[in-house]
Amino acid sequence: MSTLVIEGLRATVAGREILRGVDLTVNSGEVHAVMGPNGAGKSTLSHVLMGRPGYTVTGGRVLLDGTDLLTLPTWKRAQAGLFLGMQYPIEVPGVSLRDVLAEAFTAAGRDASQVPALVGAEAARVGFDERFLLRSMNADLSGGERKRNETVQLGVLNPKFAVLDEIDSGLDVDALRAVARRVEAATTESGLGVLAITHYTRLLTELHPDRVHVLSKGRIVTSAGPELAEELETTGYAGWAEDEEQAASTASRPADPFADPLA
Amino acid sequence: MAGLPGPAWLSTARTAAFERFSATPLPTEAAEEWRYSRIAELDLERFAPVSHGEQAGAAAPPAGLSADVLEALLLALAGAVVVEVGGDGTVAVTGAHPAVSVTDLSGVDAPEAPLGAIAGEPDSLVSLNLALSSAPVVIDVERTPDGDELPTVVVVHRVGAPGAAVFPRLLVRVARNADASVVEVLAGGGEDDESLVVPVTELEVGDAGRLGYVHVQLLGHKVWQLALHSSSVGRDATLTSAAISLGGDYARVRTDSSLVAPGGTSKLLAVYFADGHQMHDLRTKQDHRARQTTSDLYFKGVVANRSRSVYTGLIRVEKGARGTNAFQTNRNLVLHEGAHADSVPNLEIEDNDVSCSHASAVGPVDADQLFYLESRGVPTESAERLIALGFLDEVLDRLPTPALVAPLRLALAAKLDEAERIETAMTGVQE
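Order-wise, the sequence lines are chains D and F.
All residue numbers for the first sequence refer to our numbering, where the first residue is 1 and numbers rise by one.
All residue numbers for the second sequence refer to our numbering, where the first residue is 1 and numbers rise by one.
Bear in mind the hints are in silico, worked out from the structure with no lab data behind them.
Every value quoted in this text rests on a predicted model; they were computed, and no experiment measured them.
Beta carbons are placed, not taken as given, at the ideal position from N, Cα and C, and that holds for glycine.
Check the hints yourself; a few may be wrong.
[Claimed, not checked] Rough simulated footprint, nothing fancy, chain D against chain F, three-plus residues with beta-carbon under 8 Å: (1) 225 to 239; (2) 365 to 379.
[As the list claims (entries may be wrong)] Negatives, chain F to chain D, calculated, CB over 12 Å: (3) Leu4; (4) Ala76; (5) Val260; (6) Asn352; (7) Asp353.
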């Protein structure tokens, strides 16, 4: 049983504060959804957790079983058991999926000779074409194939916690289902804890969350059970906050006295 | 010249070439194709041409990585016709293929060969090569009967003795409809052996012929190389040529490829990796002299430590060469802050019915790619290594001689390790 605790996490991008004190706890086997309007800080949260350059942490801690991940370089966070499924998986010319996973296994002291078999099995589980396995990472792949590729890596690396950043964007229904089923299986098979960051409720009809959180203006403003996702489906995010760009454009216009305050 | 062996016609050609050399100043940086070069540092007086048969005076065995790579390459090419050319002009051929004949022009009865017909004499060093080349070699390739294995020929120049100046000369002629792979390797020179090598290679691909040519440069770190590769591609013929530059102090390769008849294709590749204080200098000319011809250039290099590289390339399309397709891509990866790469593409187009493109880039390891690999648990240094090798792999994968890919990949991986060791020593920073 592992625990990922995010405590008072604050971060800036280019001097602008995007995360303003995020608190969240995820346990093994749980699926948490973080939802929110554009500009709420959802992607920033995922990048800060993994240590992407360009983001500055200004406060808080992220504890994985007591170890503060924020003190570790990215690769050690991964070795500690954190995985980031990216919204836009990056193309790496001349480097194959197998090469990367073999290096990751070697660094972890795991047997790299198992990688080809594990990759083959995972590719079959999510319907990722074997032809892509020896090609350059993410080269000439469709959005759906890239997300299947991320899921193959998740399956092979077998982390304790996975942050899935808009894993549902650019996916067709079949790919979405394949990816969601594999992630859900990992929660029961290996006790994977999931933090699924998404704008839409579409993912959550496939990947069933235990908890749903709304992130707005860099803070978790509300948390509830899966029924919250259904509520958001009908009401949208307007009840919590508008995104900053909308807020700015609204502010520049005279107030509409007849506007529906809940719209 | 009088001391060099060979038939009368060759002696006459050498004497005339030496006169042209004497009458022409050495190139200077003022010339476009020598800009950014280190030619001003060249002092020919410091090097002496080697007498014929004086093996000990010509070659120094390759050291360290170069020795290992040479051994691995020869093993990978087992079964090929091997032509060993000593810097002193001794030529030894092992293996045979019915379609291949090898001629050592220093033999008394050697038939006249049109040396310089393809390369011309773009500078006085090329004249000097003809004057002082002790054993020009000609490889003729006839058509291989259908169903028989196509020939591979390996030419190994063993050079690099301290103070020696060596002038390898090779002419490859691929007959109409013939098909061959030729690998030319330059090796030799220990850690501290300063020497000069001026190789000139001419490639003629006959109508509908196919030639794969790979130049592998494994010279010691104190050797200067000033190389010219010049090719002439006939009607509907295809040349795939590659320059792999690993060794040398200042190592220059000028690649001129002329498409002289309709339908010809020239694919030009290069992989170069400089570490320490090395400099790789690559100059290219894609010369379209006939209609419906294609050239596709893909050069990639890595500079590490305090090393440098320069690439300048010209696409020239003659008036009347309509329907030309010409592409030129040069990308450079700068591994350390003290390293520097220049990339300068040029176009000279005199016909308007053409399709040309060029792209060049110089930059460090991509931060997004690095983050992506690290996010999978790959340590930073391993991730940089994977990215750098992957970057070069894209060219290796296109080599015309696939057997070379595995040993060259290992050689590049070893160069990367070496560069990291040098960087640690230079900066005094321990990880």
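Consistency of the hints with the structure:
1. 225 to 239: Since 0 is below three, the answer is violated.
2. 365 to 379: Answer holds; 12 residues pass the 8 Å Cβ test.
3. Leu4: holds (46 Å)
4. Ala76: holds (20 Å)
5. Val260: It holds; valine 260/F is separated from chain D by about 34 Å at its closest Cβ, greater than 12 Å.
6. Asn352: Its Cβ never comes within 12 Å of chain D, the nearest being 33 Å, so this holds.
7. Asp353: holds (31 Å)
Going through the hint list in order, the structure does not satisfy hint 1, though it satisfies all others.
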